[in-house]
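Peer 1: With these hints in hand, go ahead and build the complete structure from the sequences.
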Amino acid sequence: MKTYTLKEVAKKINIAPGIIRQWEKELKEVIEIPRTKQGARIYTDTEIDLLINAKELYDQKLSKETIRLQLQRKSVQEENVDETVKVGTSLEVIDEPISASPVSKEGNEQAHLFFEAIDTYKNHFIQEVKEEICHAVRKDMIEEVKKEISKGTLTTVKSISDAIYKSSAKTQAEIEHLSKAVEKNADQTADKLQYLANNIKSSAIETSDDIFTLTKQLTDSTNAISHFINDTNDELTNLTEAISLDREFFAEERQQYLHEIRQREAAFLQMLANFRDVAAAKEKKWWKFWS
1 MKTYTLKEVA KKINIAPGII RQWEKELKEV IEIPRTKQGA RIYTDTEIDL LINAKELYDQ
61 KLSKETIRLQ LQRKSVQEEN VDETVKVGTS LEVIDEPISA SPVSKEGNEQ AHLFFEAIDT
121 YKNHFIQEVK EEICHAVRKD MIEEVKKEIS KGTLTTVKSI SDAIYKSSAK TQAEIEHLSK
181 AVEKNADQTA DKLQYLANNI KSSAIETSDD IFTLTKQLTD STNAISHFIN DTNDELTNLT
241 EAISLDREFF AEERQQYLHE IRQREAAFLQ MLANFRDVAA AKEKKWWKFW S
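Mapping the sequence shown onto my numbering, position 284 (from 1) lands on 284, and the numbers just tick up by one.
Honestly, I wouldn't trust all of these hints.
Unchecked claim - For each label pair, taking beta carbons as the anchor points, the in silico distance ranges come out as:
1. Leu218 <-> Leu258: 54 to 60 angstroms
2. Leu214 <-> Asn14: 44 to 50 angstroms
3. Lys12 <-> Lys74: 17 to 23 angstroms
4. Gln194 <-> Lys61: 51 to 57 angstroms
5. Ala190 <-> Gly39: 17 to 23 angstroms
6. Asp220 <-> Lys12: 51 to 57 angstroms
7. Glu252 <-> Leu218: 47 to 53 angstroms
As the list claims (entries may be wrong) - Derived lysine-lysine pairs resembling DSBU-like cross-links, with alpha carbons at most 35 angstroms apart:
8. Lys2 <-> Lys184
9. Lys192 <-> Lys7
10. Lys2 <-> Lys180
11. Lys64 <-> Lys74
12. Lys12 <-> Lys28
13. Lys28 <-> Lys64
14. Lys74 <-> Lys170
15. Lys55 <-> Lys7
16. Lys2 <-> Lys28
17. Lys37 <-> Lys201
18. Lys216 <-> Lys201
19. Lys180 <-> Lys201
20. Lys11 <-> Lys28
21. Lys11 <-> Lys55
22. Lys166 <-> Lys147
23. Lys37 <-> Lys74
24. Lys55 <-> Lys25
25. Lys170 <-> Lys37
26. Lys74 <-> Lys61
27. Lys64 <-> Lys7
28. Lys180 <-> Lys166
29. Lys25 <-> Lys7
30. Lys37 <-> Lys55
31. Lys184 <-> Lys201
32. Lys55 <-> Lys28
33. Lys170 <-> Lys192
34. Lys25 <-> Lys12
35. Lys37 <-> Lys11
36. Lys64 <-> Lys11
37. Lys37 <-> Lys184
38. Lys55 <-> Lys74
39. Lys12 <-> Lys37
40. Lys192 <-> Lys37
By construction, these hints were calculated from the structure, which means they are not laboratory data. Virtual Cβ for every residue (Gly too), placed ideally from N, Cα, C.
Peer 2: So, in structure tokens, the structure goes:
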């Protein structure tokens with residue numbers, strides 16, 4: 001059975017929480033809101049339906065007494081239609097495997113609140129079952145008594161009275177059995193939830209240790225990579241400086257070679273010019289000699 005808080009109900013039916021509290025005071029004979037051990041209101045779908053009906057009646061500008069009577073009449077009609085609760089009702093609890101998953105510290109607080117909600121639900125559920133069973137049995141018996149009284153048969157009335165007494169005793173015993181079964185199942189559920197909370201806590205601790213170890217390893221790896229990057233940067237800087245010095249040295253040698261080549265080229269050109277001059281002078285002398 002899903003439950004809601006006052007704020008959730010106010011948001012669900014689109015009305016202020018203070019107005020809901022006022023309606024609960026004005027219609028306390030019809031609207032009874034269960035509470036937790038701490039006094040907080042717990043709303044189910046039944047209370048929400050009543051509040052929605054009350055809102056519709058208030059919107060019609062009806063008086064408080066008229067609204068109260070109409071809600072009571074509708075509640076009685078719903079009880080007459082919902083006569084599905086039978087004597088000997090049994091409950092079955094299906095055990096499901098519980099798996100632990102890592103959560104934060106808020107999981108323990110939520111588990112504690114869940115235990116309290118389970119206790120409240122157990123108490124209200126037992127009370128509702130008792131009331132429904134008693135109401136159904138009492139109503140059936142009263143109808144039978146009315147029919148037999150109308151026929152005027154005193155013996156039948158007496159037998160029906162005995163049947164009512166026996167049925168009430170039997171119903172009481174079955175209610176007690178049902179209450180014990182609900183309490184037993186609630187205790188088993190509480191134990192399982194406690195086991196789940198312990199598993200959640202241990203898993204959270206293990207996860208925290210794993211995260212710490214992983215963080216430490218990541219820090220060490222980061223430091224090693226940073227050191228390697230720094231060494232690599234230093235080597236690259238030294239290599240760049242060496243290359244720059246070598247480039248300057250080779251540039252100076254190149255200039256020197258170029259200068260020597262130009263000097264040799266100039267000497268060669270000078271020698272060639274001298275050779276031409278000598279050749280030309282010899283040629284003139286040769287002609288002069290034969291002339």
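Peer 1: Starting from Lys55, check that the Cα of Lys7 is at most 35 angstroms away, please.
Peer 2: holds (16 angstroms)
Peer 1: Honestly, do Ala190 and Gly39 meet the 17 to 23 angstroms range at C-beta?
Peer 2: holds (22 angstroms)
Peer 1: Indicate whether the distance between the beta carbons of Gln194 and Lys61 respects the range 51 to 57 angstroms.
Peer 2: holds (53 angstroms)
Peer 1: Check the hint pairing Lys64 with Lys11 against an upper bound of 35 angstroms on the C-alpha distance.
Peer 2: holds (24 angstroms)
Peer 1: How does the Cβ-Cβ distance of Glu252 and Leu218 compare with 47 to 53 angstroms: does it lie in that range?
Peer 2: holds (51 angstroms)
Peer 1: Below or equal to 35 angstroms on CA atoms is what counts here, so check Lys12 against Lys37.
Peer 2: Distance of about 24 angstroms is within 35 angstroms: holds.
Peer 1: Would the hint linking Lys11 and Lys55 be met if the CA-CA limit is 35 angstroms?
Peer 2: holds (14 angstroms)
Peer 1: Lys64 and Lys7: Cα distance at most 35 angstroms?
Peer 2: Distance ~24 angstroms between Lys64 and Lys7 Cα, so the pair holds.
Peer 1: Are Lys2 and Lys28 close enough, with their CA atoms no more than 35 angstroms apart?
Peer 2: Roughly 22 angstroms separates the two Cα atoms, so the pair holds.
Peer 1: Measuring from beta carbon to beta carbon, are Leu218 and Leu258 in 54 to 60 angstroms?
Peer 2: holds (58 angstroms)
Peer 1: Verify the proposed pairing of Lys55 with Lys25, using a straight-line Cα cut of 35 angstroms.
Peer 2: holds (14 angstroms)
Peer 1: Mind checking the alpha carbons of Lys74 and Lys61 for me, to see if they're no more than 35 angstroms apart?
Peer 2: Cα-Cα ~18 angstroms, so holds.
Hint violations for this structure: none, all hints satisfied.
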